[in-house]
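Based on the hints, put chain Y in the right spot on chain Z.
2 protein chains.
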Amino acid sequence: MHPENDLQAFIREGYLHFLPHVSLDCVVFGFHDNQLKVLLVKWKKLGGWSLPGGRIKRTEHMDDAAQRTLEERTGIREIFLQQFHTFGRTDRTQNAPLGDVADLFGEPIGPDNWLADRTVSVGYYALVEFSKVNPTPDFFSEACRWWDLHELPPLLFDHNQMVTQALHALRAQLHYQPIGYTLLPETFTMPELQALYETILDRPLDRRNFQKRMLGLGYLQRLDERRTIGAHKSPYLYRFDRFQYEKALQEGLGFGQYVPMTSFAG
Amino acid sequence: MHPENDLQAFIREGYLHFLPHVSLDCVVFGFHDNQLKVLLVKWKKLGGWSLPGGRIKRTEHMDDAAQRTLEERTGIREIFLQQFHTFGRTDRTQNAPLGDVADLFGEPIGPDNWLADRTVSVGYYALVEFSKVNPTPDFFSEACRWWDLHELPPLLFDHNQMVTQALHALRAQLHYQPIGYTLLPETFTMPELQALYETILDRPLDRRNFQKRMLGLGYLQRLDERRTIGAHKSPYLYRFDRFQYEKALQEGLGFGQYVPMTSFAG
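Line by line, the protein sequences are chains Z and Y. The numbering of the first sequence is UniProt numbering, which starts it at 1 and goes up by one. The numbering of the second sequence is UniProt numbering, which starts it at 1 and goes up by one.
Isolated chain Z, as found in the complex:
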């Protein structure tokens, strides 16, 4: 099949294969140069950027649809995905009504087209390895690239609000789930792990308290090697114990191992 034909079929009769009235949007966080990055796509004709999103096939679990969408945009399989909020305001696409976009994609998207119907959108966030992502535009977009979290443009639809809520959820996740496996290289120093936490929380943390808390969680392995930086500084290298990490991810850190972030504060 020719991609353009696929697009036209999707616009004309995609509702036969996908659920109407429901969509997915993904806030993909990457970590690079001590900054949080967010993956955005630029729409061919609407003249703006949005989060990567998708539709749910009628025969597909919703979570699988989110995985598929992200694999298509990033090239990565089995991404750590977390559903964080579902957006259902009637005016959520008001700043870019698809129904006003006629004939832009070789097939009219008029107000009666299924793609112009109101959707309730389920928001997921993902934590991915920045370096492994191969940003790939979809049918409707001409570009797909990383943006600094602090320098996002005004986004189409309600997507700025989605990013804000996803960040809020990610910060909350720090308290009850391990974080870092997909955001850091395989081995890392304690200052590097702390920089990740500080970047997500957007504030400094106390070094000694942070180290104590992190080691108490039981999923960090200290390696024998150290990183050679200078004559006097040779910080230990760590890696995540995959088994313990996965266990904590599935079960949560639990109330017994709860990590109050206030204890980190300097």
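Hints in this document: simulated from the structure, not taken from any laboratory. A quick note: this is a predicted structure, and the numbers were derived from the prediction, not measured. Fair warning: there could be bad hints in the mix.
[Stated by the list, open to error] Computed, partial: chain Z to chain Y, Cβ under 7 Å:
hint, residue
1, 16
2, 21
3, 22
4, 61
5, 86
6, 88
7, 89
8, 120
9, 165
10, 167
11, 170
Using N, Cα and C, we set each Cβ at its ideal position, and we do this for glycine too.
For chain Y alone, coordinates are given in the frame of chain Z:
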């Protein structure tokens, strides 16, 4: 309009007024006799209990639809509602396929009826004053009543899983939002507040740590009166400072005032 006509119109052409493929389900928690209760409805013909649920009008914000649904089931307006998860498995209604229920409500619900279509369901939980609720069945249900959380029957659809996840979310909420205003009478003692927390967390908490933490949150007012219990026990009465409580509810307890529940443990 006669209710039966409304029901038949809803079954026949409700999709003109409501969004297909999306539904809402509500886990309504009440607190009574030191037990958490959950509001359930019994379906007229499917032969089982489920959570109260509803549909979103095409012209209505999703959150408003949840408020409307709950007002219809409980008689209470402006309920504290929290969205906690959206359920999108293809098999989520497999244990009670509505499409197999023909002609039961005076109007056939066959496999082609819009009500038999797959839905993605957005889960909300609510905390309500047990004594103020007037449980009211809907069109499809013959009963609506409270059940003990620990004695729930097997529920239709994926609703047992919904209750489990709602409880998980409610427990998490204890850490970052105030709780209790709609679950306790206007004035209460510290042991009564502690009992609420213990019931939600399902484990005992240390009395002194609990009191210290609670008073530190800044939204409890101690009254001059005490409750007279016996010759020697006259615990202070408290009430919530509405302004501070609402502020904390909107802003979250924040990382600065974070309440680690581990500190409560006995």
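Results of checking the hints against the structure:
For residue 16 of chain Z, the interface hint is violated, since its Cβ never comes within 7 Å of a Cβ in chain Y; the closest pair sits about 13 Å apart. At its closest, the beta carbon of residue 21 of chain Z sits 5 Å from a beta carbon of chain Y; the interface hint therefore holds under the 7 Å criterion. Because the closest C-beta pair between residue 22 of chain Z and chain Y is about 5 Å apart, less than 7 Å, the hint holds. Hint on residue 61 of chain Z holds. Least Cβ distance to chain Y is approximately 5 Å, under the 7 Å limit.
Taken as an interface hint, residue 86 of chain Z checks out: its beta carbon lies about 5 Å from the nearest beta carbon of chain Y, inside 7 Å. The interface hint given for residue 88 of chain Z is met, as the beta carbon of that residue sits about 2 Å from the closest beta carbon of chain Y, less than 7 Å. The beta carbon of residue 89 of chain Z comes within 5 Å of a beta carbon in chain Y, closer than 7 Å, and the hint placing it at the interface holds. Given the 7 Å rule on beta carbons, the hint for residue 120 of chain Z holds: about 5 Å separates it from the nearest Cβ of chain Y.
Taking 7 Å as the C-beta contact cut-off toward chain Y, the hint placing residue 165 of chain Z at the interface is violated, the least distance being around 11 Å. Taking 7 Å as the C-beta cut-off, the interface hint given for residue 167 of chain Z is violated, the closest approach to chain Y being about 13 Å. With a least beta-carbon distance of about 13 Å to chain Y, the hint placing residue 170 of chain Z at the interface is violated under the 7 Å criterion.
In summary, the structure is inconsistent with hints 1, 9, 10 and 11 from the numbered list given earlier, while agreeing with the others.
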